[in-house]
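Colleague: In case you want the letters, here they are:
2 protein chains.
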Amino acid sequence: MGKKIATVLTNGFEDSEYTEPAKAYKEAGHEVVVIGKEKGETITGEHGAKVTADASIADVKPDDFDALFIPGGFSPDQLRADDRFVAFTKAFMDADKGVFAICHGPQLLITADTLKGRHATGYKSIVQDLKNAGANFSDEEVVVCSNLVTSRTPDDIPAFNRESLKVLEKVTA
Amino acid sequence: MGKKIATVLTNGFEDSEYTEPAKAYKEAGHEVVVIGKEKGETITGEHGAKVTADASIADVKPDDFDALFIPGGFSPDQLRADDRFVAFTKAFMDADKGVFAICHGPQLLITADTLKGRHATGYKSIVQDLKNAGANFSDEEVVVCSNLVTSRTPDDIPAFNRESLKVLEKVTA
Numbered sequence: 003m004g005k006k007i008a009t010v011l012t013n014g015f016e017d018s019e020y021t022e023p024a025k026a027y028k029e030a031g032h033e034v035v036v037i038g039k040e041k042g043e044t045i046t047g048e049h050g051a052k053v054t055a056d057a058s059i060a061d062v063k064p065d066d067f068d069a070l071f072i073p074g075g076f077s078p079d080q081l082r083a084d085d086r087f088v089a090f091t092k093a094f095m096d097a098d099k100g101v102f103a104i105c106h107g108p109q110l111l112i113t114a115d116t117l118k119g120r121h122a123t124g125y126k127s128i129v130q131d132l133k134n135a136g137a138n139f140s141d142e143e144v145v146v147c148s149n150l151v152t153s154r155t156p157d158d159i160p161a162f163n164r165e166s167l168k169v170l171e172k173v174t175a
Numbered sequence: 003m004g005k006k007i008a009t010v011l012t013n014g015f016e017d018s019e020y021t022e023p024a025k026a027y028k029e030a031g032h033e034v035v036v037i038g039k040e041k042g043e044t045i046t047g048e049h050g051a052k053v054t055a056d057a058s059i060a061d062v063k064p065d066d067f068d069a070l071f072i073p074g075g076f077s078p079d080q081l082r083a084d085d086r087f088v089a090f091t092k093a094f095m096d097a098d099k100g101v102f103a104i105c106h107g108p109q110l111l112i113t114a115d116t117l118k119g120r121h122a123t124g125y126k127s128i129v130q131d132l133k134n135a136g137a138n139f140s141d142e143e144v145v146v147c148s149n150l151v152t153s154r155t156p157d158d159i160p161a162f163n164r165e166s167l168k169v170l171e172k173v174t175a
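Here the protein sequences line up with chains A and B, keeping their order.
Quick note: the first sequence uses the working numbering, first residue 3, plus one each step.
Quick note: the second sequence uses the working numbering, first residue 3, plus one each step.
Okay, chain A solo, but in the shape it has when bound (with noise of 0.2 Å):
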């Protein structure tokens, strides 16, 4: 049965850390919804991707999703300094719901207080603040801990999904 991802986006995102896992969870059934800052608005990646937002983040709750998607690029950094991102993704970690987050996904995680003890990876400029917010820092092509997969560049991009899809099989909403 399909599951229900929540990804938050804004402009500045790594095109493909977006439109890759995001295709590869539809055709496994599940659905994504792209949350950004506007119903409607129009996402541009910093190739020139183009992404419609299919929710605010001010109309979305963490209960009506079973997972978390975090692309990468300058997406994240921008994300985190909204609140709103950051409370909705504490949530889906203090849940154990499943997270996935690629490149500078996890800067969200770090803002968001929850990387403690956790194993995780990240792209290399985000490694110290990694570390520094208490995970235990990997540096492999994906990491999972639980139900958190998290990868570091574009070219993890499969391992990625092979290990986000796992994740879906197993966790409800």
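Check the hints yourself; a few may be wrong.
You can't tell identical chains apart in this list, so a pair holds if it fits in one copy or across any two.
Said to hold, decoys possible - Derived DMTMM-like pairs (lysine to aspartate or glutamate); straight-line CA-CA distance at most 25 Å:
1) K126 - E40
2) K126 - E43
3) K126 - E48
4) K133 - D115
5) K172 - D96
6) K133 - D96
Worth flagging that the hints you see were computed from the coordinates, not collected in a lab.
Given the coordinates of chain A, work out where chain B should sit on it, guided by the hints.
Modeller: Coordinates of chain B only, in the frame set by chain A:
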């Protein structure tokens, strides 16, 4: 007597956070040297400002400068993925030279692991990173800690310029 200020920069810097302090430093008789990945490269700000790199990070050494200036925006996070910029930054902090970082600029100080016990501020999105790095964070327009001057946003530029100019009066290479 004018001081020599190393300015580390790459694409996506917040335009005014480079142009306004650089103008103030030059007007006060100091020299601003823009250091990029390649000498002569054109570096573009997030709002379109163009700056030519005076030197490559491969060809400079901290001993040649009195101070380091780190404008914000999306530039610092990219610079800290390059170990040469991280080592360059660490040398200025270790020598207690002038270090002026605004907005996301302190991200380089975090990756260089130089903020433990230091008083600092920065853009909202990096506050948790600053705290996790051991900094004593204050939500103020400018924070001065010995020769380290930090600010949060473009609105803080007047205070940032005022305090960094004071530090430039006293630092030496």
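Colleague: Indicate which option fits the pair K126, E48 if close means a Cα-Cα distance not exceeding 25 Å: within, between, both or neither.
Modeller: The answer is both: 18 Å in one copy and 22 Å across copies each meet 25 Å.
Colleague: Are the CA atoms of K126 and E43 at most 25 Å apart within a copy, between copies, both, or neither?
Modeller: Cα proximity of K126 and E43: across copies only (24 Å, versus 30 Å in one copy).
Colleague: At most 25 Å between C-alpha atoms: does K133 with D115 qualify within a copy, between copies, both, or neither?
Modeller: both (12 Å within a copy, 11 Å between copies)
Colleague: If the cut is 25 Å between Cα atoms, do K126 and E40 qualify within a copy, between copies, both or neither?
Modeller: between (31 Å within a copy, 21 Å between copies)
Colleague: Have a look at K133 and D96 and pick one of within, between, both or neither, based on CA distance no larger than 25 Å.
Modeller: Both: 20 Å inside a chain and 21 Å across chains, each within 25 Å.
Colleague: As a check of your reading, is K172 near D96 (CA-CA no more than 25 Å) within one copy, between copies, both or neither?
Modeller: Answer is within; shortest intra-copy Cα gap is 17 Å, inter-copy 49 Å.
In this structure, every one of the numbered hints holds.
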